[in-house]
Amino acid sequence: MLKIKDLTVNVGTKEILKGLNLNVNAGEIHAIMGPNGAGKSTLSHVLSGKSGYEVTGGSITYNDKNLLEMPAEIRAREGVFLAFQYPVEIAGVTNVYLLKAALNAVRKHKGLSEVDAMDFLTLVKAKTKALDMDEKFLYRAVNEGFSGGEKKRNEILQMAMLEPQLCILDETDSGLDIDALRIVADGVNALRSPDRAFIMVTHYQRLLDYIKPDFVHVLADGKIVKSGGAELALELEEKGYGWLEQA
Amino acid sequence: MSISWLNDIRSQAAAQFETTGFPASNLEDWRYTNVSAMAKKEFSIAKFVEDVDFDAIESGSAFHFVFVDGYFREELSNLPESITVCSINEAIEKHADLLQSRFNQAINQTHGFIDFNTANFTDGVFLHLAENVVLEKPLQIIHIATQAAILPTRHVVILDKNTKATLIEMFVSPEKHAYLTDSVAEIFVGENADLTLYKVQQEGENAYHFGGTYVQQEKHARFTHHNFALGSLLARSDIVSDLKTAAECELNGLFLGSGKQHLDNLTRINHLESHGISREFYKGILNDQAKGVFQGRIVVAENAQKIDSKMNNRNLLLSNEAEVDTKPQLEIYADDVKCAHGVTVGQLDEKSIFYLQSRGIDEDTAKHILTFAFANEMVEKVTFEPLKALLQNGNKLNF
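Protein chains in written order, with the numbering used here: chain V, 369 to 615; chain U, 1170 to 1568.
Fair warning: there could be bad hints in the mix.
As the list claims (entries may be wrong) - Within a straight-line C-alpha distance of at most 25 angstroms, the following computed DSS-like cross-link-like pairs (lysine-lysine) qualify:
{"hint": "1", "chain 1": "V", "residue 1": "K418", "chain 2": "U", "residue 2": "K1536"}
{"hint": "2", "chain 1": "V", "residue 1": "K497", "chain 2": "V", "residue 2": "K580"}
{"hint": "3", "chain 1": "V", "residue 1": "K504", "chain 2": "U", "residue 2": "K1557"}
{"hint": "4", "chain 1": "V", "residue 1": "K476", "chain 2": "U", "residue 2": "K1536"}
{"hint": "5", "chain 1": "U", "residue 1": "K1520", "chain 2": "U", "residue 2": "K1429"}
{"hint": "6", "chain 1": "U", "residue 1": "K1475", "chain 2": "U", "residue 2": "K1413"}
{"hint": "7", "chain 1": "V", "residue 1": "K468", "chain 2": "U", "residue 2": "K1496"}
{"hint": "8", "chain 1": "U", "residue 1": "K1496", "chain 2": "V", "residue 2": "K504"}
{"hint": "9", "chain 1": "V", "residue 1": "K418", "chain 2": "U", "residue 2": "K1520"}
{"hint": "10", "chain 1": "V", "residue 1": "K468", "chain 2": "U", "residue 2": "K1557"}
Everything labelled a hint here was simulated from the structure, so no lab data went into it.
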């Protein structure tokens, strides 16, 4: 589904990613771990099409298309979803409005008609309930005044509504207490399917207690320096990242 | 019947206008707005015309007081019967004592537009709510401009103790030619009375507009104003309120300029006595080469203690050539008060645009959504639903 080859990325004049390779197939869950400043967030942002990053070399293909040529909204419509580390507060735009506008944008791209208003409400209310969110959240401005946990749940709600193919979770566990973490993890696990892949970018191992990855990669100094199974995460938890950087 | 008292005031104002003319931009309150091009147009006073088409809020929801080119049109209006409401010309005859006791009393400081209005007003609303009366439906005052002329109207609104009313002042024009609206309202909100006043300025695209609202608030009086400055080529609005003990004043505003529009908003809240509360929130959105002005001043007099006052002005510039001049001022002479003010001028937030794009929404649509959201915060403050719907469905808010 996703093939990243020899990717090099600059922010300003500084090289952040220095030849990154990664293959992700449908149905797989990949965890990208690494110390602060290794380039984890840069990778998430480049995949989602955020501006401010200059790709200086390498390629990203997604479903055999050149992902780097697509503007952010086309990537989203093609099924790439970024759950933000810091979800943006948008005053004056309600959650329900955003969800409907986003869903219709994706549906239109797929050649489907706009969602029926009643069907939409039934769907969104069911998904809201599954994430243990109060329906009132739907009518509040996007993320405005939400707690850290509420914002992250809101990201998963959007993901559940849009049913993307490739989900990128950027530090989704940061700022979550254990209850919120469990709810978010349940939401993600419910979306696991043979057609869908996940990339979880995380500094800590604890999210992986709840969402078990198939592969764990260590990103250090702009490259993947080690890959392994779920057990690698436990090793990192125990030893930290230092032993890999020195290697 | 003698109306010499009024003739005296009018001839004095005419003499004053003869000397000073329309305000010059070397006056501090007019430094951002130059009306000399307008003054050169030498409009004459509008004449009475017969036929006109217009839209009003459906009469089940609101009363109507209709002016065409500054003349009251009873046959187009639909007035409440239980209260005193009539044209000011009728009030000069029928309510002379009450009118005389209030006329020109709410205005602390005049300038050319006020003097001209005092000298030349053709008509206006006279409204009086006697003690304990509640106006059961909002009164929509509709000003329709059809002529290339000056349309001066003068209103006197008197709310006695414990009364409540909602007024909606709308300025519209089916025409594209230049004209000048010069409308002045004097408003007296009695003890514990409550007035909500909406102003929707949707004048024609080459129109000049001056609208001045001068308010006297007695003890515990509440005055809420919503100012939507949407139309006209050059518009200036003055809103000035004097507050006595524990009076509350809320001023909300939205000015939306595009093309070469120039929209100037001046407000003054004068806390004359203690325990008053004031809240002011103005937003500006300027596109193309439009220019916006916000001049807000809150004055707390020396003996006015325990005042709680907040003023905020936020502006969104949608083009590199758009401009906003904002001047919030607090003038505090008392020592035990709580006052705050804040101003922002910015562009659409890139992070918010990207967030919407990352959900499949294209950049242009994302910008429209965010601009509408910025404006809609002010529209959402409108509690009269038919008016809210009218604003939300209007062309000007479909970015």
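Does the structure break any of the earlier hints, and which numbers would those be? Those not satisfied are hints 5, 7 and 8.
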